[in-house]
Amino acid sequence: MRWLFLCAVLVFLLCCFVFWDIASKGFGVVSLEFLLTSPRKGMTEGGIFPAIVGTIYVSLVTAVFVIPFGVATAIYLSEYARDTWVTRLIRAAIRNLAGVPSIIYGLFGVAIFVDGLGMGPSLLASGLTLGLLTLPYVVAAGEEALRHVPGSYREGALALGATHWQSIRTVVLPVATPGIVTGVLLGLSRAAGETAPILFTGVAFYLRYVPSSVWDEFMALPYHLFILATQHHAIHQVRPLAYGTALVLLGFVFSLNLMAFWVRKKYSVYGQQ
Amino acid sequence: MILSLLISNKIEIQHLDLFYGAKQALKSVSLSIPEKSVVALIGPSGCGKSTLLRSINRMHDLDPKVRLDGEILLDGHNILHGNTNLNKLRRRVGMVFQKPNPFPKSIYDNVAYGLEVNGIHDKTRIRAAVEESIRESYLWDEVKNDLDKPALDLSGGQQQRLCIARAIAVEPEVILMDEPCSALDPISTAKIEALILRLKERFTIVIVTHNMQQAQRVADFTAFMYLGELIEFGRTSAIFEQPNQELTRNYVSGHFG
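Going down the list, the sequences are from chains A and B.
Mapping the first sequence onto my numbering, position 64 (from 1) lands on 64, and the numbers just tick up by one.
Numbers given in my numbering equal positions in the second sequence, counted from 1, plus 1000.
Bound conformation, chain A alone:
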């Protein structure tokens, strides 16, 4: 048993090391100026403001797409679909979608959104591509949350003369909402850190401006980090900036996870009975 414990400790220490490495090297760089100004002098100076805004914007587009589609699918699968081979096929497809490598989503995004639907490289095309990537998480979390709603609530509503849809809208969904929100936030936190799906569909190397519509290209934290770490003409000079960017990205993803945790804790009504 001792070596199992040691493995667990090793994993924990590795986590700590990664975080400490990024935090210690990035902390000195992160300042208000770093957060609120654009890169200057071929990205060797200045901040990452456009990348932060771009990541927030693209996450919003993703959310606007994934919430209605994901939640509607979850409601259908959990509340309406009978257990037939068709619904089993749909479920299996959704599960498999979660295992598709993200670069494939990127390629798909180019083919369908950028070229096929003529959106061009844009916030919209990237947001939709990330939406597809997030969809299986939201559907799975939504279904799980809906399944956890006690059957006695549904029966109680129906026994009072509520229609099926009324019982879902007024009793089942409110109870499932914390679980659904948690799933959405975790999905978004994964999407926010992805590079491959936005690589061909809308992210830009360097922009002077922040996007003013969904048709604009944008900068994003993970891609900016990739550039600073591997593609820059003065990699060693910008290494601190790369660590600063990594720290900000980590902070962004971490706060989404924290929000998910908080929502689940605060609003969950399961187990009160």
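If you're looking for bench data, these hints aren't it; they were derived computationally from the structure.
Just so you know, even glycine gets a beta-carbon here, dropped at the ideal spot from N, CA and C.
Careful, some of the hints might be misleading.
Unchecked claim - Covered stretches of chain A (in silico footprint by chain B; criterion: 3 or more residues with CB under 8 Å from a CB of chain B, positions within the stretch not fixed):
no.: 1; stretch: 155-163
no.: 2; stretch: 169-181
Claimed, not checked - In silico lysine to any residue, SDA-like type, Cα no more than 25 Å apart, as pairs:
no.: 3; chain 1: B; residue 1: K1088; chain 2: A; residue 2: G151
no.: 4; chain 1: B; residue 1: K1023; chain 2: B; residue 2: I1231
no.: 5; chain 1: B; residue 1: K1088; chain 2: A; residue 2: E79
no.: 6; chain 1: B; residue 1: K1027; chain 2: B; residue 2: T1084
no.: 7; chain 1: B; residue 1: K1149; chain 2: A; residue 2: S152
no.: 8; chain 1: B; residue 1: K1065; chain 2: A; residue 2: H148
Stated by the list, open to error - Just the calculated beta-carbon pair ranges, DEER-fashion:
no.: 9; chain 1: B; residue 1: R1235; chain 2: A; residue 2: V86; range: 51 to 61 Å
no.: 10; chain 1: B; residue 1: K1144; chain 2: A; residue 2: A23; range: 48 to 58 Å
no.: 11; chain 1: B; residue 1: N1145; chain 2: A; residue 2: Y209; range: 57 to 67 Å
no.: 12; chain 1: A; residue 1: H148; chain 2: B; residue 2: K1088; range: 27 to 37 Å
no.: 13; chain 1: B; residue 1: E1142; chain 2: A; residue 2: N96; range: 46 to 56 Å
The hints should help you fit chain B onto chain A, whose structure is shown.
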């Protein structure tokens, strides 16, 4: 025969068969439930009494594996007919469940819920109905200052009385109760039994119970069921004191069950 001349029947169940897939859970059950009376369904676990109860408001429709044959007449109309409006039926035939199941909403919203889903949005009317129903359920004095508090903060007995208030708020004609006291302590049980005796002045009540004393305390009529069949039905005093069937006598005297 004499009974049916004196009292009009609210519900007539005729040759009701119920199948769960291939398994038959009710076997040609026929039963007449007089208006504004309390009818208790008793019998050992698995005898089909809850299954029969849930047929009367078509709760089995939630389970695609269940098939019903026969007739259940509510005021002379067969509710098993395919074109029955289930929402209207369930407004007329309310239900109180074994485990108190208030919604995770406020006390007020729980009672208002049935009115709202049935298309009543007049705030004054809802407020009046909520207050009246909670008073009728002997709960008003305990919750009148806490109507905005979560219903799940109430005790089990209070929750069950709230569920009764919720059921009567939509002014049903029949109330089905599925072992409403089995999760409650004796004091809460006594309150609910007193409530049942009062409610029968306005409603027809069908109650499933495991508790024979309870059946004797609240029910005008008692039906004894065994293995999916209705063995005997009659005045509660007759069922408990002079049953016609050997099986009934053995059950009510505690020989099995």
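For the pair supplied as a hint, K1023 (chain B) and I1231 (chain B), is the alpha-carbon distance within the 25 Å limit?
19 Å, holds
Restraint check for K1088 (chain B) with E79 (chain A), where alpha carbons must lie at most 25 Å apart
22 Å, holds
Check, residue by residue, whether the stretch 169-181 of chain A contains three or more positions whose beta-carbon lies closer than 8 Å to a beta-carbon of chain B, and give the verdict.
holds (count 4)
Hint check for V86 (chain A) and R1235 (chain B) - Cβ pair distance inside 51 to 61 Å
54 Å, holds
Using the C-beta atoms of H148 (chain A) and K1088 (chain B), is the stated range 27 to 37 Å upheld?
Holds, since H148 (chain A) and K1088 (chain B) (Cβ atoms, about 31 Å apart) stay within the stated range.
Against the 25 Å threshold, does the CA-CA distance of K1027 (chain B) and T1084 (chain B) hold or violate the hint?
23 Å, holds
Range agreement (Cβ of N96 (chain A) with Cβ of E1142 (chain B), hint 46 to 56 Å):
54 Å, holds
Pairwise hint evaluation, G151 (chain A) against K1088 (chain B), where the allowed Cα distance is 25 Å at most
21 Å, holds
Hint check for Y209 (chain A) and N1145 (chain B) - Cβ pair distance inside 57 to 67 Å
58 Å, holds
Are the Cα atoms of K1149 (chain B) and S152 (chain A) separated by 25 Å or less?
21 Å, holds
At a Cβ distance under 8 Å, does chain B reach at least three residues of the stretch 155-163 of chain A?
holds (count 9)
Given hint H148 (chain A) paired with K1065 (chain B) - CA-CA distance at most 25 Å:
22 Å, holds
Against the hints set out earlier in the document, no violation occurs for any number.
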